[in-house]
Amino acid sequence: MEILWKVENLKKEYEIRTEFKKEKIVALKNINIEIYKGEVFGLVGESGSGKTTFGKVLIRLIEPDNGKIYYKNIDITDMPEKILRKYRKNFQIIFQDPYKSLNPRIRCGYAVMEGIEGNKKEKIERAIEILNLVGIKKERFYDYPHQFSGGERQRIAIARALSTNPEFIVCDEPTSNLDVSIQGQILNLFIDLKEKFNLTYLFITHNLKIVRFLADRIAVMFKGEIVETGKTEEIFKNPSHPYTEKLLKSGILKFRH
Amino acid sequence: MEEILKLENIYVGNEELKILRNINFSVKRNEIVSIVGESGCGKSMTLRTIIKLLPKNLKILNGDIIFEGIRIKDLKEKEMNKIRGEKIGMIFQEPSSYLNPLFTIGNQIEEAVRGNFKREKRKERVMKILKEMGLSANVYYQYPHQLSGGMQQRAMIAMALINNPSLLLADEPTTALDVTTAFGIINLLKNLVSEHNLSILFVTHDISLANYISDRIIVMYAGIIVENGKAKEIYENPLHPYTRKLIECLPEKYKKGERIKTIEGEVPSFKNLPHGCPFFQRCDFKMKICEERIPGEINFENRILRCFKYGNTLES
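Going line by line, the protein sequences match chains H and E.
The first sequence stops at residue 248 when you use this note's numbering, and every number in between is there.
The second sequence stops at residue 442 when you use this note's numbering, and every number in between is there.
Among the clues, some could well be false.
What the hints assert, rightly or not - Part of the chain E face toward chain H, derived, beta carbon under 8 Å:
| hint | residue |
| --- | --- |
| 1 | ASP304 |
| 2 | THR306 |
| 3 | LEU399 |
To be verified - Sample of chain E residues with no beta-carbon within 12 Å of chain H, all distances over it, derived:
| hint | residue |
| --- | --- |
| 4 | MET171 |
| 5 | LYS208 |
| 6 | LYS213 |
| 7 | GLY241 |
| 8 | LYS257 |
| 9 | GLY275 |
| 10 | SER292 |
| 11 | ALA308 |
| 12 | HIS322 |
| 13 | ASP332 |
| 14 | LEU335 |
| 15 | GLU384 |
| 16 | ILE386 |
| 17 | ARG419 |
Unchecked claim - Here are the simulated DSS-like cross-link-like pairs (lysine-lysine), alpha carbons at most 27 Å apart as the crow flies:
| hint | chain 1 | residue 1 | chain 2 | residue 2 |
| --- | --- | --- | --- | --- |
| 18 | H | LYS228 | E | LYS382 |
| 19 | E | LYS381 | H | LYS228 |
| 20 | H | LYS28 | E | LYS356 |
| 21 | E | LYS316 | H | LYS240 |
| 22 | E | LYS356 | H | LYS240 |
Please keep in mind that the hints were generated in silico from the structure rather than gathered at the bench.
For each residue, glycine too, the CB sits at the ideal point set by N, CA and C.
Whole structure, please, built from the sequences with the hints as guidance.
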């Protein structure tokens, strides 16, 4: 299988400065991961384990301290932003809270148009097409974000991500703020889009039920380190790291009788 | 078993809106009851009705709330304040927004202690309950921002239980937390029931979680109770079409590559509720009568249901 992303020895430390002292927090510690083209790669772990940081460092929204990031065998770690721009449209990110990730003063249609190239007419047509794809009707093109429900906003966020025809999307807990019934709809949408556009996902979540349902392979993160990687079913069957075991016990086995 | 809380024919709303319609249920001593449903079904509103903290524009129109033999509905605000905190405790979804960032945890829990106690005695009590919640004694001197979400929620539970109430109202207390921390809190609540002689009314939108924690499940939809019965029976054999769909849309019920069967449409808003059964637009089994009349409560196989599929009782 073709390797889409390869990460070597990735490190990231945050410095927290208060008036009295400096503290260093290790967010990522020697991360080595490969993500194949066309797969759903699940990243699980508790909050504060560095999942989100990894997602952001991978597509260089945050600069890593150390290590290498390869996208299709091209080293993008130190690539200047000007050149990186060309690649940027290939990878997108969807955030957890659709209330925060949409600008309240920009109409939904325009928000989607931002990423599309062409003249205005083409832009509008394409935006309508994408919105239709994620299940937002044409009539709502000129509505503002506050007029949509949480699930619909997440759909708009997905439409925005799709507007540049990406091949890779980082999904950072995209359903954890939604109701169970809406969550199902959004998950279905992710699967449909993946099949339609041959997308690759990095799916970050702490919900093991979703990961089991969606991911081909998973990595378990604990305190900035990846403690286990492997095929989803194999990890669920026999976890080798004690932390994974603990996570599985709390997430699935107990809530499921 | 003795019933400690009983709601009879509760209607909540105002002249234009009816939020809760004919709510009937009871909570027994040492029992955990879950209320399940999507957002906007009136779950939290039911809790707020019990503790009588409704928004200003809503009031209880009809019915009775009986708590430990007292009719709460007719109590004056002053008397009600005695029950709140002392007899009924409440915890919420977002612990950080209910804790004051300027005071230490110990200070805030101590503030909640009712009755005249000496200072040392109060501190002793707070220390004891912190220990019970699985928090170290250090937490007493710490500020909310120094604690993690799970610890904050434990501190909130400590605050709610400091006066040994007999009923705890829990409004999605684990939704904002991680799986492992949530699991700890859930097990803590389960253990508290026997240790503190407590009953819990637990609101969640996750029916599998409700099945794990509770003895009974109440399923609500658009302000009415559609199904009420033993947790295990409801989870394994849901009868009401809405309960079925709620269980069907859980991702753990599916294998990889399958599509989740979702509930089409949305919960109707309280401003324009349909004339008949509120669920009929999304229902797979709808009949002609569903459009016209609201189903009444029927006893069916050990549970209470509101659906014309199982009998032709009409709501009066």
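Going down the list of hints, with the structure as the test:
1. Given the 8 Å rule on beta carbons, the hint for ASP304/E holds: about 5 Å separates it from the nearest Cβ of chain H.
2. Because the closest C-beta pair between THR306/E and chain H is about 5 Å apart, less than 8 Å, the hint holds.
3. Violation of the interface hint for LEU399/E is found here, the shortest Cβ-Cβ separation to chain H being roughly 18 Å, above the 8 Å cut-off.
4. In this structure MET171/E is separated from chain H by more than 12 Å, as the shortest Cβ-Cβ distance comes to about 16 Å.
5. The non-interface label for LYS208/E is consistent with chain H: the shortest C-beta to C-beta separation is roughly 36 Å, beyond 12 Å.
6. Annotated as non-interface, LYS213/E keeps its C-beta farther than 12 Å from every C-beta of chain H; the closest such distance is 31 Å.
7. The Cβ of GLY241/E sits about 38 Å from the closest Cβ of chain H, beyond the 12 Å cut-off, so the non-interface label holds.
8. The Cβ of LYS257/E lies farther than 12 Å from every Cβ of chain H, with a closest approach of about 23 Å, so its non-interface assignment holds.
9. Not every CB of chain H is more than 12 Å from the CB of GLY275/E (nearest about 8 Å), against its label as outside the interface.
10. With 12 Å as the threshold on Cβ separation, the claim that SER292/E sits away from chain H holds: the shortest Cβ distance comes to roughly 27 Å.
11. With 12 Å as the threshold on Cβ separation, the claim that ALA308/E sits away from chain H is violated: the shortest Cβ distance comes to roughly 8 Å.
12. Against the 12 Å criterion, HIS322/E stays outside the reach of chain H, whose nearest CB is about 22 Å from its own CB.
13. With 12 Å as the threshold on Cβ separation, the claim that ASP332/E sits away from chain H is violated: the shortest Cβ distance comes to roughly 6 Å.
14. The claim that LEU335/E lies off the interface is violated: its Cβ sits roughly 6 Å from the closest Cβ of chain H, which falls inside the 12 Å cut-off.
15. At the 12 Å boundary, the C-beta of GLU384/E falls inside the reach of chain H, the nearest C-beta of that chain being 8 Å off.
16. Look at ILE386/E: its CB is around 4 Å from the nearest CB on chain H, not clear of 12 Å, so calling it non-interface is violated.
17. The Cβ of ARG419/E lies farther than 12 Å from every Cβ of chain H, with a closest approach of about 25 Å, so its non-interface assignment holds.
18. Our distance criterion of 27 Å between C-alpha atoms is met by LYS228/H and LYS382/E, whose separation comes to about 15 Å.
19. For the suggested pair LYS381/E and LYS228/H, the alpha carbons sit about 15 Å apart, so the restraint of at most 27 Å is met.
20. For the proposed pair LYS28/H and LYS356/E, the alpha carbon gap of about 47 Å is over 27 Å, so the pair is violated.
21. Restraint check: the Cα-Cα separation between LYS316/E and LYS240/H comes to about 17 Å, which is no more than 27 Å; the hinted pair holds.
22. Of the supplied pair hints, the one linking LYS356/E and LYS240/H holds, its CA atoms being roughly 25 Å apart against a limit of 27 Å.
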